[in-house]
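Peer 1: Fit chain B to the known structure of chain A by using the hints.
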Amino acid sequence: MSDVIVGNLVVPVHPHTVLAPDMNEGWRRLRDAYDEAATMIEQSDADLLIIYSTTWPSIIGHQIQADPNPEWVMVDDDFHDLGSIPYSFNIDAEFAHAWDAANKKRGLQSRCVNYKGFPIDVGSVVALTLLNPKNRIPAVIVSSNVYANRAETTVLAKACLDVLRQQGRKAVAITVMSLSNRMFTDFIAPEEDRIHSLKDDEWNRKILEFLEQGRLEDVGQLSRTIHQQIRVQKVVTFKPMWWLSAMNGNRNDLSGRVLAYEALHGAGGAVVYIDPTPTGMGDKEYDEDDVETYAGDRNVLDADSETEEHEKDSKSLTTNGPALWEPTQAEGSVNSDAAPKPVGAYPHARKVGDLLYLSGVGPRQPGTNAIPGGPIRDEHGSPLNYDIKAQTKAVIDNIERILIEAGSSIDKVLDVTTFLVDMDRDFKGYNEVWAETLGQVGPTRTTIAIDALPTPIAIEMKVIAQA
Amino acid sequence: MGEGKIVAGCLAPHPPHLVYAENPPQNEPVAEGGWEQLRWGYERLRESLKDIEYDSIVLLSPHWQTYVGTHFLGLENFKSLSVDPIFPNLFRYHYDINIDVELSQAICNAAAEAGLPTKMMTNPDFRVDYGTITTGHMFNPEWDKPFVVISSNRSTHYYSVEVMQEMMLELGRITRKAILESGKRVVVLASNSLSHRHFTTESDMPEDMSKEHITSHAMHLWDMRMIDYMRSGQSQRIIDEMPEFTEQAIAESDGGGLTWLLSTLGVPEYPATLHGYGTIIGTGNAIVEWPVHKYEEAKA
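Residue numbers (this note's numbering), protein chains in the order written: chain A, 1 to 467; chain B, 1 to 300.
Among the clues, some could well be false.
[Said to hold, decoys possible] Estimated spans, in silico, between C-beta atoms of each pair:
id, chain 1, residue 1, chain 2, residue 2, range
1, A, R165, B, D125, 37 to 43 angstroms
2, A, T446, B, E36, 48 to 54 angstroms
3, A, R136, B, Y158, 35 to 41 angstroms
4, B, A112, A, L198, 27 to 33 angstroms
5, A, L198, B, P141, 51 to 57 angstroms
6, A, K341, B, E162, 49 to 55 angstroms
7, A, F187, B, E76, 22 to 28 angstroms
8, A, E42, B, S203, 43 to 49 angstroms
9, B, V30, A, F187, 42 to 48 angstroms
10, B, A114, A, R136, 50 to 56 angstroms
11, B, E162, A, P190, 27 to 33 angstroms
Note that these hints are calculated values from the structure, not bench results. Glycine is no exception: its CB is placed at the ideal position from the N, C-alpha and C atoms.
Isolated chain A, as found in the complex:
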């Protein structure tokens, strides 16, 4: 299952472990645990560190650090009197851009940031300073979106896994976070530090018990409750466990080791190593939607009547078309969870020799079955207005997902046959999108007008590609 994740870590955010480990015995134990985790990473075959940081909030989707060598001096907003942390990190910018592209393919809002002086957040600075002191292993950092729900956070992880598999990487997934994050609201002497309340301490120990048993998905499912019970509300939510669980296939059969658990000005700080190797133990109770693409509130800028009409139409789609089938399996079959389900007994693609033959691909979205640009008719057969350019783009995105699953890529497409249900209306828009996408690749092409397609879509493409 964890073909690309070789280890997982939960690590604390505050700067005490870097700047003042010897001012408190607990801070020293956390620092020692950080150092032990760094040794574990060093001895692993990891070639990438992936940081999901709760102290880097974002609003416009998720942001990914893409400066190959960000350098500055970090000073904490609260604990500035502890000192400054100069940093100079080794960021895998190529991976960052690939992850950004994979996010977009799965419907997420996403962007890379590469600006001199960008303020890398305290959690990421502390984690990378201590876990990767020689900068030997490149890292990538992703923000925590303040509006993201579980579906969006899960899709973020799946996009990351897409790229890891595509690039054949071995990564350590790291969440930089507090457990309980309620600090003392007054200044305290270092020796007075303790977990803010007994309740917070009890919740923290329960979380650690679950993690030690490898029940990562169970913690993910408890995230909302944990957040209500022991977290300061707003912005810094308990989302990292959603991400970490999805990075490990939403499983409960991992194994964990708590290297340290201590207070940091009242908040719960822990260093936990979670081995992704399946143990064969533990029941999986994954009772939430296993989403593949994100189709949430991401169109607020286009809140005009036309867009709303398309959204309404997309939602009505599930009752407007034939039944969906599981893709069939045969020698050479290639099937992808990231592509829409077939409407009959056939695979997404089939590999023969060096060639891939794809079944006809339409614009339906995997998971939701929605049609970008809207369906061409309603459930009563009455025609609807639709956007051929959006449908064409979605077809090409689906083709790319299937090709990636097969180990190929969009630039290996050799021949395309396109079927349009309304040549007069749609050829121009289709041709424009083609020119910007597959037209840049250069496959041969045939475009045919047909009477209808099985689902209420305007376009389908039949593709042959190099494997």
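Peer 2: Positioned in the frame of chain A, the structure of chain B alone reads:
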């Protein structure tokens, strides 16, 4: 010392888009304008105060977020590059800000004596938050006045809006007293928006004003309600309705700036002047002046 004076108090929001749209030499990105309603509002505010003499600007910024007490910038000068972590594409500003350390220390000490946890921030590597820089630039682009910069204690999120208000009302009373005792003439600024629900997408060209609007009608209604109270001198009603406003409009008043401002001004019963209202990436922003100098002249 005594005979200090608050000459004006202003609600002065800080979305970095405003600086971006101005194209000042300090900011690296370049824009084709945008958000003119608010930028013209800032122009009117500056025009309104151009003949008023004052020594310092006291500002509370919701983007210097502290969970352990209230902090004050405590060195005479901070000079660096401020990059907005959320909108780095819009705001990479080379700042050079002077601090009125004497007044900062006076407010900090007085707050500590009153039982509020406080701390002076004296780490020279500290980067001043973009909220402070944006409001500072829009209010005083010449940067020719020293600032007192106060952090935003996040008591709303630790406890409740009610607890935040108790703390900010007290901090406001202390700030007012410290200013009056300082012998200085001061402008006080609360650097925050009103309704604060953002869009979660951004136009390819962020300054494309055809895409700008409030995120929902409910947010608009709340913003107008608060502005009506300001324009009719009903500060106490703003304070009374702050919990509902903050929760339902996801308002940036959660940072305490507006409550602190009203308290520092003595919960004014005279009308404020609205210089501008507009939305920025869906959030509601008003530039409002409580013209203390005019009110006191009228009283005299």
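Peer 1: For each hint, tell me whether it holds in the structure or not.
Peer 2: Here is how each hint holds up against the structure:
| no. | hint | result |
| --- | --- | --- |
| 1 | A:R165 x B:D125: 37 to 43 angstroms | 41 angstroms, holds |
| 2 | A:T446 x B:E36: 48 to 54 angstroms | 52 angstroms, holds |
| 3 | A:R136 x B:Y158: 35 to 41 angstroms | 40 angstroms, holds |
| 4 | B:A112 x A:L198: 27 to 33 angstroms | 30 angstroms, holds |
| 5 | A:L198 x B:P141: 51 to 57 angstroms | 52 angstroms, holds |
| 6 | A:K341 x B:E162: 49 to 55 angstroms | 52 angstroms, holds |
| 7 | A:F187 x B:E76: 22 to 28 angstroms | 24 angstroms, holds |
| 8 | A:E42 x B:S203: 43 to 49 angstroms | 45 angstroms, holds |
| 9 | B:V30 x A:F187: 42 to 48 angstroms | 44 angstroms, holds |
| 10 | B:A114 x A:R136: 50 to 56 angstroms | 52 angstroms, holds |
| 11 | B:E162 x A:P190: 27 to 33 angstroms | 32 angstroms, holds |
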